[in-house]
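Protein sequences, first through last, are from chains F and B.
Residues in the first sequence are numbered from 1 upward in steps of one, following my numbering.
Residues in the second sequence are numbered from 471 upward in steps of one, following my numbering.
FYI, nobody ran anything at the bench for these hints, they're computed from the structure.
Honestly, I wouldn't trust all of these hints.
Interface residues of chain F toward chain B, partial, derived using beta-carbon atoms under 10 Å [as the list claims (entries may be wrong)]:
| no. | residue |
| --- | --- |
| 1 | 258 |
| 2 | 262 |
| 3 | 263 |
| 4 | 269 |
| 5 | 308 |
| 6 | 334 |
| 7 | 336 |
| 8 | 382 |
| 9 | 401 |
| 10 | 402 |
| 11 | 404 |
| 12 | 417 |
| 13 | 434 |
| 14 | 436 |
| 15 | 437 |
Mimicking BS3-like on lysine-lysine, the simulated pairs with C-alpha atoms at most 27 Å apart in a straight line are [what the hints assert, rightly or not]:
| no. | chain 1 | residue 1 | chain 2 | residue 2 |
| --- | --- | --- | --- | --- |
| 16 | B | 527 | B | 655 |
| 17 | B | 638 | B | 523 |
| 18 | F | 47 | F | 283 |
| 19 | F | 266 | F | 283 |
| 20 | B | 655 | B | 638 |
| 21 | B | 527 | F | 266 |
| 22 | F | 272 | F | 283 |
| 23 | F | 266 | B | 597 |
| 24 | B | 537 | F | 440 |
| 25 | B | 525 | F | 266 |
| 26 | B | 527 | B | 537 |
| 27 | F | 272 | B | 655 |
| 28 | F | 49 | F | 283 |
| 29 | F | 393 | B | 537 |
| 30 | B | 525 | B | 638 |
| 31 | B | 588 | B | 527 |
| 32 | F | 272 | B | 597 |
| 33 | F | 319 | F | 461 |
| 34 | B | 537 | B | 597 |
| 35 | B | 655 | B | 537 |
| 36 | B | 638 | B | 588 |
Just so we're clear, the structure is a prediction, and the values are computed from it rather than from any experiment.
Glycine included, every Cβ here is placed at the ideal spot set by N, Cα and C.
Below are the chains, spelled out letter by letter.
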Amino acid sequence: MLSAGARRALPTTTVGEQEYVGIDDLATMFQLTVREDPPGMLSIGYKGKTILLTQDQPLGSVGGRVIALPAPALRANRRWLVPVDFIGRALALVYDSKITLRRPARLVIVGDLRVPRVLVRYDSTGATGRLTIDATPRAASTIVQDGDQLLIKFDSDAIDLVNPGAQFAGAAQGLIGTVRLADPVTLAFTIGPRFGGFKVATQTSDTSTRQILDIASGTQTPQPESPQLPAAAPPDLSALTSAGSTAVIRTIAIDPGHGGDDEGAKGTGGTKEKDVALAVARKLKAALELRLGVRVLLTRDDDHAVPIDDRTAVANNGKADVFISLHANASWRPALSGATISTARFDHQAEQAARALPSELVPAIGGAPRDIEFIPWDVAQIPHLDQSNMLAKTLEDQLRGHVPLAATPLASAPLRVLEPANMAAVLIEIGYLTNAEQEKQLAAETFQNTFVQALVEGIVKYRDSFGGGR
Amino acid sequence: MTRERILAISISTAVVAFIVTLAVTLGIRGRSSSPAAPAATASAPAASAAARKIKVKLYYVSTDGTKLTGVDREVTYGEGMSAQAQEIVSAQLAPAPAPLVSAIPAGTTLRALYVTQKGEAYVDLSKEASSAHTGGSQDELLTIYAIVNALTSNLPAVTSVQLLVDGKEVNTLAGHIDLRRPLGKNLELVE
């Protein structure tokens, strides 16, 4: 399920030919009240409006209007299940925001989000081929090669890929095999052994954007100079892939600390932590999008309070590769100044417990149960601590010399917002609002810009430390 | 499935918190008829006991502001573990005599304190601990560990400290440091 700034999985159950969702899951996501009265009759309330369903008939009533469902609601294991179409045919009629159910894409879109339909076509011409990718409505995309796949990332909230898993004629040519969704906004094409690079042309019309990739056929088969790589890339690839675009970082989540009634720290001049954090976060988002071409999520983009778990949820649900929480510090000692970068810290017991957790069989959406690793929310950061510390160190190196740093800039603490983060995650204190001079700095555009530039450099360095074949 | 599990856990912690709060409230009532006057506890065997002092280490903000400094101070002797723990925390919460700087937000008082058989101290602070806080993550660490260290280093039987605010479990004091679990001694923060 997609809504502004968040993507959540909505589990479904297949009974017979029909796919169902739990009414309890819907109630949680859409703030519905559910009552069974009398037995066999389900009354679903939302802001004074009511949907009535019965156990026997594939019909419902929405504010007195009769709607048809493909199957009746049913009860299984003490839960009520309703056909997936209930979302589009009943819930959408009473809900405040627009709800769109896109069955082929398995998407429920809440609100006005940009979710272009994407159609992919492949035409072979002799030894080469042409890949045509149409996005409707228009959406810009960036293309990078990542090992043995070609990634096309769209500037949108999600994409609706019309033909996932399509097998292309390019497979037989050893060029392009198939396509799938690597993440909600990225297509991944498999690359065959003869793939020799590509040239891109973009055409934009009023309604859609078309990317045309002319795929070249490169030198054949195993590369003599690198026998240790089974699927070695053709030699001219580095020239075709833009320098440094290793696509290791696709999404970055930025968390401007505090907000709304929770003002955070305050300087004697009246500067508030929540405002500094938001201003720097917005600048950082713009700079990262421009410089790295990555998707950047903000946990808040205005002055309102966000529960602490919801902040980390934006990063986790958005499958971010990096999570940065931005704050401004305060001290009882007004002389204290400088930025710090902190990572999460867990006690030994928590680490042991987290590592001992077994994977378990869970029912996957629309498929057979799969053995997946169970990641407990509270300790999701533990496996990423090494990466987080590396990120912190890289950022420190880049900030040094550009902005004042605390005497000991790197720290670790049981930071509530980082503990559940399932990716490299740091909390940055930009400076001390309780220091009069720093308060002025933190509120100033120029200082904020300098700080943001140094952070962007740090993130580029961090990204490059993985990829580029180094 | 994950959601159900998480929900179940948070409900059970809420229940634990409620039971603990209840225990704290009942415990205090059972122990002392006038908590406002700790020197004259109801169970004090003799008036002279009220005047007895013991030497403990309390924790204040270091000169550079990034650490805690241990300072030897005298607090009233308390009969029994919980009573002594109350005396120590009350002294730690009290305004610091100059030139010491307190790591505790002004106006914070001890609402209740209870030590379990397992050595977990439940310390219920008034709302000022959160509402009057400077809001810095650095200060938040110092506030928390001033109290945690004061209890764990002076009372070896206390192995961990769970902080509560206004009778309730909280995520954090000021938005940063996780307070949902009992915390152990942290001497790295002490200079």
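Cross-check of the supplied hints:
no.	hint	in the structure
1	258	holds, 6 Å
2	262	holds, 6 Å
3	263	holds, 7 Å
4	269	violated, 15 Å
5	308	holds, 5 Å
6	334	holds, 8 Å
7	336	holds, 4 Å
8	382	violated, 13 Å
9	401	violated, 21 Å
10	402	violated, 21 Å
11	404	violated, 14 Å
12	417	holds, 7 Å
13	434	holds, 7 Å
14	436	violated, 15 Å
15	437	violated, 15 Å
16	B:527 - B:655	holds, 13 Å
17	B:638 - B:523	violated, 32 Å
18	F:47 - F:283	violated, 38 Å
19	F:266 - F:283	holds, 21 Å
20	B:655 - B:638	holds, 22 Å
21	B:527 - F:266	violated, 31 Å
22	F:272 - F:283	holds, 17 Å
23	F:266 - B:597	holds, 19 Å
24	B:537 - F:440	holds, 25 Å
25	B:525 - F:266	violated, 37 Å
26	B:527 - B:537	holds, 15 Å
27	F:272 - B:655	violated, 32 Å
28	F:49 - F:283	violated, 42 Å
29	F:393 - B:537	holds, 22 Å
30	B:525 - B:638	violated, 31 Å
31	B:588 - B:527	holds, 23 Å
32	F:272 - B:597	holds, 21 Å
33	F:319 - F:461	holds, 21 Å
34	B:537 - B:597	holds, 24 Å
35	B:655 - B:537	holds, 14 Å
36	B:638 - B:588	holds, 21 Å
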